Amino acid sequence: MKKTGQKRLRTRWRKQDTELTLLALPTTVWYILFCFLPMFGIIIAFKNFKITGGFLSNVFNSSWSGFKNFEFLFKSNDAWIIIRNTLGYNLLFIILNIVIPVTLALMIGHLHNRRAGKVYQTMMFLPYFLSWVVISAVIWAFLSFDKGIANQMLIQMGSEPVNWYMEPKYWPFFLVFMNIWKGLGYGMVVYLATITGIDSTYYEAAVIDGASIWQQTKYITLPMMKLVIVMMFILAVGRIFYTDFGLFFQVPRDSNSLFNVTTTIDVLVYKQLKTATVGMASAAAFVQSVMGCLTILLANWIVRRIDPDSAMM
Amino acid sequence: MASRAEGMTGLEKFNRIGKGMNVLFHLIFILIALVCVVPLLVVLSISLSSEESIRQTGYHMIPTMLSTESYSFVIQQGTMILRALGVSVLVTVVGTVLGVLLTTSMGYVLSQSNYKLKGLLTWVVFIPMVFNGGLVSSYYINSNLLGLKDTVWALILPLAVSSFNVIICKTFFKSTIPDGLIESAEIDGASQFRIFFSIILPISLPVLATIGLFLCFAYWNDWFQSMLYINNQDLYSLQALLNNLMSNVDALAKNASSMGVSYSMLVATMPKETARMAVAILIVLPVAFAYPFFQKYFISGLTVGAIKG
Chain A
735 MKKTGQKRLR TRWRKQDTEL TLLALPTTVW YILFCFLPMF GIIIAFKNFK ITGGFLSNVF
795 NSSWSGFKNF EFLFKSNDAW IIIRNTLGYN LLFIILNIVI PVTLALMIGH LHNRRAGKVY
855 QTMMFLPYFL SWVVISAVIW AFLSFDKGIA NQMLIQMGSE PVNWYMEPKY WPFFLVFMNI
915 WKGLGYGMVV YLATITGIDS TYYEAAVIDG ASIWQQTKYI TLPMMKLVIV MMFILAVGRI
975 FYTDFGLFFQ VPRDSNSLFN VTTTIDVLVY KQLKTATVGM ASAAAFVQSV MGCLTILLAN
1035 WIVRRIDPDS AMM
Chain B
1003 MASRAEGMTG LEKFNRIGKG MNVLFHLIFI LIALVCVVPL LVVLSISLSS EESIRQTGYH
1063 MIPTMLSTES YSFVIQQGTM ILRALGVSVL VTVVGTVLGV LLTTSMGYVL SQSNYKLKGL
1123 LTWVVFIPMV FNGGLVSSYY INSNLLGLKD TVWALILPLA VSSFNVIICK TFFKSTIPDG
1183 LIESAEIDGA SQFRIFFSII LPISLPVLAT IGLFLCFAYW NDWFQSMLYI NNQDLYSLQA
1243 LLNNLMSNVD ALAKNASSMG VSYSMLVATM PKETARMAVA ILIVLPVAFA YPFFQKYFIS
1303 GLTVGAIKG
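Residue numbers (this note's numbering), protein chains in the order written: chain A, 735 to 1047; chain B, 1003 to 1311.
For reference, chain A alone in the conformation it holds in the complex (with noise of 0.2 Å):
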């Protein structure tokens, strides 16, 4: 009886209905406006758009260009340099981004005085809080060419001073080092929170067999950590065609010395947005988007072959 009602129930428009689509309807309004416009704006990448009137009358006047944009992003040099730094960076992003966090976590829940330990952790958090426009105004504190502190050491240590901003070797460990730097308070509080809830019994168990805590680490904290490890990964690979604007923009300042080494698929759409080359720019963006797209889609088969419980969709 009860079941045919709630299916009688179920097919019905009720009041509720309404009332629900009432109050969704703002932030349906909002994903419509921000997120699903401009999934028909990608448009502009097969046209000569030019940047004079209205967006539509522009959208509408201006010629179809094929895959000309395309074609001249990827003849161009900026093409490959952008790809190897979007796509070298984001590897080592991937890699360090778990392999530190979760030996932290692993070596900071083994300490003996707990206060400490929430000081350290609440110390390693606060980058993670700060805008890059801040943080490009603490490392020109210490990298810049006259009156920075890393030059004033080195002269004090009687070496030559470096102008850091135009040298292109050091930046890729200045960047890597960077990004730990920022997110590692927060890799941290995720993994610390899965190996908190992991049931102490499981290590009374292994106690009493005699498992050192080297064994207890490997053969208990692990694998319980593996379904958020597995989590995090997808979201990075998934992400692998982004990068953190502000790290690659703010922090080199813009400098085209470092051109090489500092310019991913964000920064080249961006400068080129500026500069009012919007041809390259969007094919640029739309490449982005898609493989964005594809790779989160693949990641994901990936792990639901693995693993059904871990993936997303």
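These are calculated hints, taken from the structure and not from any lab test.
Because the structure is a prediction, the values reported are computed rather than measured.
For every residue, glycine included, the Cβ atom is placed at its ideal position computed from N, Cα and C.
It is possible that some hints are incorrect.
[As the list claims (entries may be wrong)] Within a straight-line C-alpha distance of at most 30 Å, the following computed DSSO-like cross-link-like pairs (lysine-lysine) qualify: (1) A:749 to B:1274; (2) A:903 to A:1005; (3) A:749 to B:1120; (4) B:1151 to A:960; (5) A:1005 to B:1151; (6) B:1298 to A:1005; (7) A:1005 to A:784; (8) A:1008 to A:903; (9) A:1008 to B:1021; (10) B:1274 to A:881; (11) A:960 to B:1176; (12) A:881 to A:852; (13) B:1118 to B:1176; (14) A:749 to B:1021; (15) A:1005 to A:881; (16) A:784 to A:809; (17) A:1008 to B:1120; (18) A:952 to A:852; (19) A:784 to A:802; (20) A:784 to B:1118; (21) A:809 to A:952; (22) A:784 to A:1008; (23) A:852 to B:1118; (24) B:1176 to A:952; (25) A:960 to A:809; (26) B:1176 to B:1120; (27) B:1176 to B:1298; (28) A:802 to A:1005; (29) A:952 to A:802; (30) A:952 to B:1151; (31) A:852 to B:1274; (32) A:1005 to A:809; (33) A:960 to A:852.
[What the hints assert, rightly or not] Restraint-style ranges between C-beta atoms, simulated for each label pair: (34) A:897 to B:1176: 52 to 58 Å; (35) B:1091 to A:963: 47 to 53 Å; (36) B:1298 to A:963: 22 to 28 Å; (37) B:1288 to A:798: 24 to 30 Å.
Following the hints, complete the assembly by docking chain B onto the known chain A.
Same frame as chain A, now just chain B:
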């Protein structure tokens, strides 16, 4: 020792690490923690140095000559800083309130399993997580079609909703609000608006705090929207102002309320290097003081996000 062991997690209680190992771990963490905090202290120390000492010997970890001239300069040149502070506060407050409303209402609607359009709206929220129009078309839609360029809404609207937050809300409502509560309110004749605003929101403080904090920090720290959409200096937020100062230290003087001095004189006498760092400190100070208190909300928010919805 026994009493301390009670609050410990499984890892700590059994098989603790040796004394030497413990000291080593502490040293490693102290080093990392210092690397995370000291750079900001350096900025603070620069902002408190005298401009003269920096001109002569450059930035230092510890100020050689203490001075508050940068702060008094920044306060004297009030209009621009105060305006930027006002924009930052306005954007943060309005954005957070609007964002929380938009996010929680959608989360609530999606958590109602009987709702007819649930499937459709789930796709509306889900698709943008996987695919987006990209920066170029977003930029043109926002600035030309929606006319947000050089308005304060360009700083607020595009950041208001994120699908991730909506899903956190949906998961929260689904797992903590008993169906019976909503049903009984429906039987009593309450509309869904009434149920949402007078029953659901008041008992959902943890998730409101989480989403609100995420949004609050996102708005306070945002500089990218300003860089994209704002040309009018009057609409600069603190972040945009600092961004501008980093490339052009004289920007402050241009807008300064001239106190009987000419622009060129002001540029010559202003504490350029330290004023920059003073603005940076103005931005960081509220964050640095606030976040340790809210850390537990963040942690619960991050953990909720890690659980599947």
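Tested hints:
| no. | hint | verdict |
| --- | --- | --- |
| 1 | A:749 to B:1274 | 64 Å, violated |
| 2 | A:903 to A:1005 | 22 Å, holds |
| 3 | A:749 to B:1120 | 15 Å, holds |
| 4 | B:1151 to A:960 | 45 Å, violated |
| 5 | A:1005 to B:1151 | 18 Å, holds |
| 6 | B:1298 to A:1005 | 39 Å, violated |
| 7 | A:1005 to A:784 | 17 Å, holds |
| 8 | A:1008 to A:903 | 27 Å, holds |
| 9 | A:1008 to B:1021 | 58 Å, violated |
| 10 | B:1274 to A:881 | 13 Å, holds |
| 11 | A:960 to B:1176 | 26 Å, holds |
| 12 | A:881 to A:852 | 36 Å, violated |
| 13 | B:1118 to B:1176 | 17 Å, holds |
| 14 | A:749 to B:1021 | 67 Å, violated |
| 15 | A:1005 to A:881 | 29 Å, holds |
| 16 | A:784 to A:809 | 22 Å, holds |
| 17 | A:1008 to B:1120 | 40 Å, violated |
| 18 | A:952 to A:852 | 24 Å, holds |
| 19 | A:784 to A:802 | 15 Å, holds |
| 20 | A:784 to B:1118 | 43 Å, violated |
| 21 | A:809 to A:952 | 49 Å, violated |
| 22 | A:784 to A:1008 | 13 Å, holds |
| 23 | A:852 to B:1118 | 46 Å, violated |
| 24 | B:1176 to A:952 | 35 Å, violated |
| 25 | A:960 to A:809 | 42 Å, violated |
| 26 | B:1176 to B:1120 | 13 Å, holds |
| 27 | B:1176 to B:1298 | 22 Å, holds |
| 28 | A:802 to A:1005 | 20 Å, holds |
| 29 | A:952 to A:802 | 54 Å, violated |
| 30 | A:952 to B:1151 | 54 Å, violated |
| 31 | A:852 to B:1274 | 38 Å, violated |
| 32 | A:1005 to A:809 | 18 Å, holds |
| 33 | A:960 to A:852 | 24 Å, holds |
| 34 | A:897 to B:1176: 52 to 58 Å | 56 Å, holds |
| 35 | B:1091 to A:963: 47 to 53 Å | 39 Å, violated |
| 36 | B:1298 to A:963: 22 to 28 Å | 23 Å, holds |
| 37 | B:1288 to A:798: 24 to 30 Å | 51 Å, violated |
When the structure is compared with the earlier hints, violations turn up for hints 1, 4, 6, 9, 12, 14, 17, 20, 21, 23, 24, 25, 29, 30, 31, 35 and 37 and for no others.
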